[in-house]
Amino acid sequence: MYKKSLSCPFLIWAAAFIIIPLLFIMYYGLTDKSGSFTMANLMAVATAEHSKALFLSLGLSLLSTVICLILAYPLALILSGSRLGKSGFVIFLFILPMWMNFLLRTLAWVVLLDTNGVLDTILKFFGLKGMKIINTPAAIVFGMVYDFLPFMILPIYNVVSKIDVNVINAARDLGANSFQTLYKVIFPLSLPGVVSGITMVFVPSLTTFVISTLLGGGKILLIGNVIEQEFMKGTSWHIGSGLSLVLMLFIIVSMILSSKYDHGEGNVL
Amino acid sequence: MGNKLIELQHISKIYDGHKVLDDLNLYFNENKFLTLLGPSGCGKTTTLRILGGFEMPDEGHVIFSGEDITSLPPNKRQLNTVFQKYALFTHMNIAENIAFGLKISGKSKTYIEDKIKYALKLVNLDGYEKRMPDSLSGGQQQRIAIARAIVNEPKVLLLDEPLGALDLKLRQEMQYELIRMKNELGITFIYVTHDQEEALTMSDTIVVMNQGYIQQIGTPEDIYNEPTNAFVADFIGDSNIFPGIMLEDKVVEIFGVIFPCVDTGFGHNRPVDVVIRPEDVELGAPGAGTVDGVVSHLIFKGVHYEMEVTACGQEWLVQSTRMYPVGEHVSISVDPFNIQIMNKPESEDEEAVVLDV
Numbered sequence: 001m002y003k004k005s006l007s008c009p010f011l012i013w014a015a016a017f018i019i020i021p022l023l024f025i026m027y028y029g030l031t032d033k034s035g036s037f038t039m040a041n042l043m044a045v046a047t048a049e050h051s052k053a054l055f056l057s058l059g060l061s062l063l064s065t066v067i068c069l070i071l072a073y074p075l076a077l078i079l080s081g082s083r084l085g086k087s088g089f090v091i092f093l094f095i096l097p098m099w100m101n102f103l104l105r106t107l108a109w110v111v112l113l114d115t116n117g118v119l120d121t122i123l124k125f126f127g128l129k130g131m132k133i134i135n136t137p138a139a140i141v142f143g144m145v146y147d148f149l150p151f152m153i154l155p156i157y158n159v160v161s162k163i164d165v166n167v168i169n170a171a172r173d174l175g176a177n178s179f180q181t182l183y184k185v186i187f188p189l190s191l192p193g194v195v196s197g198i199t200m201v202f203v204p205s206l207t208t209f210v211i212s213t214l215l216g217g218g219k220i221l222l223i224g225n226v227i228e229q230e231f232m233k234g235t236s237w238h239i240g241s242g243l244s245l246v247l248m249l250f251i252i253v254s255m256i257l258s259s260k261y262d263h264g265e266g267n268v269l
Numbered sequence: 001m002g003n004k005l006i007e008l009q010h011i012s013k014i015y016d017g018h019k020v021l022d023d024l025n026l027y028f029n030e031n032k033f034l035t036l037l038g039p040s041g042c043g044k045t046t047t048l049r050i051l052g053g054f055e056m057p058d059e060g061h062v063i064f065s066g067e068d069i070t071s072l073p074p075n076k077r078q079l080n081t082v083f084q085k086y087a088l089f090t091h092m093n094i095a096e097n098i099a100f101g102l103k104i105s106g107k108s109k110t111y112i113e114d115k116i117k118y119a120l121k122l123v124n125l126d127g128y129e130k131r132m133p134d135s136l137s138g139g140q141q142q143r144i145a146i147a148r149a150i151v152n153e154p155k156v157l158l159l160d161e162p163l164g165a166l167d168l169k170l171r172q173e174m175q176y177e178l179i180r181m182k183n184e185l186g187i188t189f190i191y192v193t194h195d196q197e198e199a200l201t202m203s204d205t206i207v208v209m210n211q212g213y214i215q216q217i218g219t220p221e222d223i224y225n226e227p228t229n230a231f232v233a234d235f236i237g238d239s240n241i242f243p244g245i246m247l248e249d250k251v252v253e254i255f256g257v258i259f260p261c262v263d264t265g266f267g268h269n270r271p272v273d274v275v276i277r278p279e280d281v282e283l284g285a286p287g288a289g290t291v292d293g294v295v296s297h298l299i300f301k302g303v304h305y306e307m308e309v310t311a312c313g314q315e316w317l318v319q320s321t322r323m324y325p326v327g328e329h330v331s332i333s334v335d336p337f338n339i340q341i342m343n344k345p346e347s348e349d350e351e352a353v354v355l356d357v
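If you're matching them up, the sequences are chains A and B in order.
The first sequence begins at 1 in our numbering and counts up one residue at a time.
The second sequence begins at 1 in our numbering and counts up one residue at a time.
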């Protein structure tokens, strides 16, 4: 009883700010303006404009997840390999940006990538052709990778660093060279961390609208932007909710896929 | 005498400025059960890791069948290791674990299947192919670890405290199992442990180590009956170690009492260490022995009673099947053959510090 009463504040919180809003979204998503049931809001995703945004979102999120994985995996291996004090400092360096506000970090990239921005100026200074990255899908991927990379590194590092050194030694002892040890032993054992990292990068990338607004200059619409506009610009809460439900479906599917591989060890955040 | 299979020549290893091994020289013969025995931090595991290739010595050479393998990585060495905490691959089932080394060396499918069957039979775990390591008990996992190592037909099996995590009963069973496996396989076992009983039970040869130095090499009987210094005497079994003076050949004085012994060649009035095993101290009626004393402690140990007798102002550890109650006046006598005389350590290096183990 004692323990149950302690969870009360959270239960109230969850009901007020998670469950009830979710029910509202479902209500709005499944009804029209007159309040009668309709699937039209869900079907709205099929319109050319919406489905283009959804597929662009999926594509860019997938790309940034893959880039994060390629960057994070070797780094996590190196970090866990240097077992002595040094790794603590490097990890600190990676976590440091996470303490800074997400908006600030993204805004910093606007300044860096902007036409006549820092990167452009430096390139021009060396007589090279300036780069126009801002307001392109590439800039959005840049932002996603930068913002979400730590969420890929940490779970992988966490799992890899817990692999018993003697398990790796055993593989070497049984004749495996470094590469065979990596793909036959270390990688399979690190899968829970990899899956966890993929979820933690893919889901926020899929739903972001801030990164695309700031780095896409409002010209590139992701599904997050579309939903935001439906709500904020007052077009239709019903369509916005319907699209949210569709997006939620994609998120739930990716969570189910990942939970199949993840046995809980990789959940660090 | 077998052939020298592996030889360690002048091996030194330093960790963080601390010398773990200092000019170690040791060789291992074919088809022997050899144990490296010592307290934690004595360098026994480091020696094993150097043999396995997981550690490079700072100085010295490892010779295997006449070939220098000092800088060879573990996967190129003809020896396999059984690790302390089993180190099984938890993402593979038992058959895949055992097949790991064979698959890498590119053996045929039928060969691998036969080998898995044979290995599981050897470790008494027939039919476990499809099980996952997590579903096995500690003792079973350790057997699988052994099976996984021996299917590769190594010339030497290195075992790093493999029974350390098992309970007493299982540990004793596994000791006999290991002796049987070694005899069936006909290969060399190099076994690392801090458990003197394990070492005495299984070994052909015991190497007692302390602080990076070899203290004594010998058969279990040699090590127990004729320890070369106070460290070995104290580490192997219980013992009374007293400072004594060798008055002349076959006469030693302990706490002012003269005891006859059988050792010669120590000269006159030479300070020595005297070792008397507790089971060799004989108790009798007061006045009937060499010196009188009073029983101060008594514990029942099952097979025998363990007593402490105060005599000459010293506690004597005594094991006897006959019980003398606390406070009883007794006499102590020791058969001259059971008094072991040892030189006192001469140098700081040789000093075998007695650790709490």
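Treat the hints as calculated values from the structure; they're not laboratory data.
Here the structure is a predicted model, which means the values were calculated and not measured.
Where is the CB? At the ideal position from N, CA and C, for every residue including glycine.
Some clues are possibly wrong.
Below are the DSS-like pairs computed for lysine-lysine, each with C-alpha atoms no more than 27 Å apart in a straight line [unchecked claim]: (1) A:K184 / B:K169; (2) B:K130 / B:K115; (3) B:K19 / A:K184; (4) B:K76 / A:K184; (5) B:K130 / A:K184; (6) A:K260 / B:K130; (7) B:K301 / A:K184; (8) A:K184 / B:K107; (9) A:K52 / A:K33; (10) B:K130 / A:K162; (11) B:K109 / A:K184.
Output of the computed footprint for chain A on chain B, the stretches with three or more beta carbons under 8 Å from beta carbons of chain A [said to hold, decoys possible]: (12) 81-90; (13) 124-137; (14) 233-242.
To see whether the hints hold, each was checked on the structure:
1. A:K184 / B:K169: Measuring from Cα to Cα gives roughly 36 Å; hence the hint is violated.
2. B:K130 / B:K115: holds (15 Å)
3. B:K19 / A:K184: violated (36 Å)
4. B:K76 / A:K184: Answer holds: B:K76 to A:K184 is near 18 Å, not above 27 Å.
5. B:K130 / A:K184: holds (18 Å)
6. A:K260 / B:K130: This hinted pair holds, its Cα atoms lying about 21 Å apart.
7. B:K301 / A:K184: violated (51 Å)
8. A:K184 / B:K107: holds (17 Å)
9. A:K52 / A:K33: holds (26 Å)
10. B:K130 / A:K162: Holds, at roughly 26 Å.
11. B:K109 / A:K184: It holds: about 18 Å lies between the C-alpha atoms, which stays within 27 Å.
12. 81-90: holds (count 8)
13. 124-137: Since three or more residues must qualify, the claim that chain A covers the stretch 124-137 of chain B is violated, with 0 doing so at under 8 Å.
14. 233-242: violated (count 0)
In the structure shown, a violation is registered for the earlier hints numbered 1, 3, 7, 13, 14, in ascending order.
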